[in-house]
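Chains as they are written, first to last, in my numbering: chain L, 917 to 1254; chain H, 917 to 1254.
It is worth saying that the hints were derived from the structure and are not from the lab. Accuracy of the hints is not assured; some may be wrong.
Unchecked claim - Derived pair list, reagent style DSS-like, types lysine-lysine, alpha-carbon separation capped at 27 Å: (1) H:Lys1132 x H:Lys1183; (2) H:Lys1113 x H:Lys1132; (3) L:Lys1196 x L:Lys1132; (4) L:Lys985 x H:Lys1183; (5) H:Lys985 x L:Lys1183; (6) L:Lys1113 x L:Lys1132.
What the hints assert, rightly or not - Pairwise CB distance ranges (calculated): (7) H:Glu962 x L:Pro1221: 55 to 61 Å; (8) H:Pro1185 x L:His983: 30 to 36 Å; (9) H:Arg991 x L:Tyr1044: 43 to 49 Å; (10) L:Asn1133 x H:Glu1084: 36 to 42 Å; (11) L:Glu1084 x H:Lys1183: 16 to 22 Å; (12) L:Val1205 x H:Lys1183: 17 to 23 Å; (13) H:Asp1109 x L:His983: 45 to 51 Å; (14) H:Lys1183 x L:Glu936: 40 to 46 Å; (15) L:Arg992 x H:Asp1187: 41 to 47 Å; (16) L:Ser935 x H:Thr1023: 50 to 56 Å; (17) H:Thr972 x L:Glu1084: 47 to 53 Å; (18) H:Asp1109 x L:Gly1016: 38 to 44 Å.
Ideal Cβ positions, reconstructed from N, Cα and C, are used throughout, including at glycine.
There are 2 protein chains.
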Amino acid sequence: MSAASPGHVIDCLQYCNVSETILRELRAGGVDAIHTTISYHEDFRETVENIVGWNTLFAEHPDLIFHGKVGGDVRRARTEGRTAVFFGLQNCSPIEDDIGLVEVCHTLGVRFMQLSYNNQSLLASGCYEREDTGITRMGREVIVEMNRLGMVIDMSHSGTRSTLEAIELSQRPIAVTHANPHRWHPVVRNKPDEVLKALAQGGGLLGFSIYPHHLKNGGACTLREFCEMVARTADLIGVAHLGIGSDLCQDQPDEVVQWMRRGRWTKEPVDAINPVVFPKQPSWFRGNVDFPGIAEGLAAVGFSPSDVAGIMGENWLRFFEQSFAPAAATSGGARQTP
Amino acid sequence: MSAASPGHVIDCLQYCNVSETILRELRAGGVDAIHTTISYHEDFRETVENIVGWNTLFAEHPDLIFHGKVGGDVRRARTEGRTAVFFGLQNCSPIEDDIGLVEVCHTLGVRFMQLSYNNQSLLASGCYEREDTGITRMGREVIVEMNRLGMVIDMSHSGTRSTLEAIELSQRPIAVTHANPHRWHPVVRNKPDEVLKALAQGGGLLGFSIYPHHLKNGGACTLREFCEMVARTADLIGVAHLGIGSDLCQDQPDEVVQWMRRGRWTKEPVDAINPVVFPKQPSWFRGNVDFPGIAEGLAAVGFSPSDVAGIMGENWLRFFEQSFAPAAATSGGARQTP
């Protein structure tokens, strides 16, 4: 793979306040595909409305974006000079208490679903609960259904035990689309080595987050520190299991981060003195135009061109190609290492 | 309290397929109040529709029933020769993921809510989950809100740890509206001594269930065996903490018990050979006309007239009077023993 023909670039988690400016930056940054969040705490009907919003964007900007549904759409995006947008849910709230809605969401183009988001859900525990008893009765059934349909289980905001059990129960590789190693920056959202190893052993992928709260030194984290952390993670679980899931929330108002944190589950008053706000991005990653700089940073810490291409998107591309088809269309839906 | 003027009679859990026949049986049985289930797995909108159904019944049969909202409505029912119908939810599905719906449901007349029904919920674990980590982050907030409003926490279908934590966290007495001692009939829905003792210490009440799966020998359980079990429970936690919550599901089709068990959370096929059906009621409790016989059975095993009156409804009446007013209207919402 020559420098003139780098691999496909995929960002496996964004939640930008999308505008034509941002869509043009996707193209300027050479981003062939993104996984965009459709819902955090929205119920089914609200999720459908958010999909309607994306459908409108697809209709308005057919020269820039289209709705990605299968792995091959990433290749098509590159060929056509557009960006394929894959839908994902950060919580299981969109399926409410109805397992039948998993298939409905898949039909609407959803390709990722987190089994829980910070809190206990009907399916799994979240990383901010005091304890975690793992996958629930309904969760076990939903994993089977997601495996059958080709919807990826994402455990980015779930607890450790729930994540380990999801890896064990799932017949197909799962993802942690946006998190970093807990050992590097020990916050509850980052993942312990035990989880990272099990994830890779199950054929799964980790997307490195560039959200400041997940970075050592927050927004002051340097590109070199970030890339060295990627290298240590490659040593731990193998470079084939690594990608990017930047968690970019460009141009979102602070009300959005309050929705993420609070949903509708708490009556605790918003702190008027110190409200929750979006943290300041690192200088080397303000938006999609900065992706080439990350590739350079990875090369600078010693990754080979093919490893850089893998981390920047080729690993996710392989994962997408494995993961989004119904189980019957793959080798029996059995777990495969890439 | 003379035999000619017994105490008020309250059945603190029914889910009958209500008809004029059943409403007339309530009167024939001298039942002054029932707590009726409005929802098992219904969401908010579906719950509202079920309330509309009851409102229609209230309009059609004002001579027989009315919507009970405060404890005093039980006394009024007796005076007017009618039955007060109190609303309850067997699951937290009606509040979806929105703590604001607790107040809305209270305004609509809901006076009981179970924090979970068999499975893990957003608030607590259910008795059929493998493990139970207790009350969740959202659950802690909802308990405060229920305490504030005057909505009773019911833990009949919850797990042991969740139930113990709910008792501990709630500032007001809670209820187990329909269950029996696990020691007497060891099924997962019945409650261990540890729970019964903590319930009573917190000022709470246990409603004895007459649903055959909760009875020793099922539908073959005799009235005497049932009443002796009540006596042993009085020895354990005190007669003041006891009432009836018959779990009567008169005239319901078997599809209803399948809804209770399965909701929308499983894709496991219904067992066509051995489908889940309602069990056969014991001969001494086929419906509301049989309540006087239970009072006689309790007297026959040695309960005093005032104890019989307490178990048949006076204990629930005191509990209703304590529990359905906003916290500010009571002595600070502090836990009280009756």
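* **Hint check, failures only** => Hints 1, 12, 13 and 16 not satisfied by this model.
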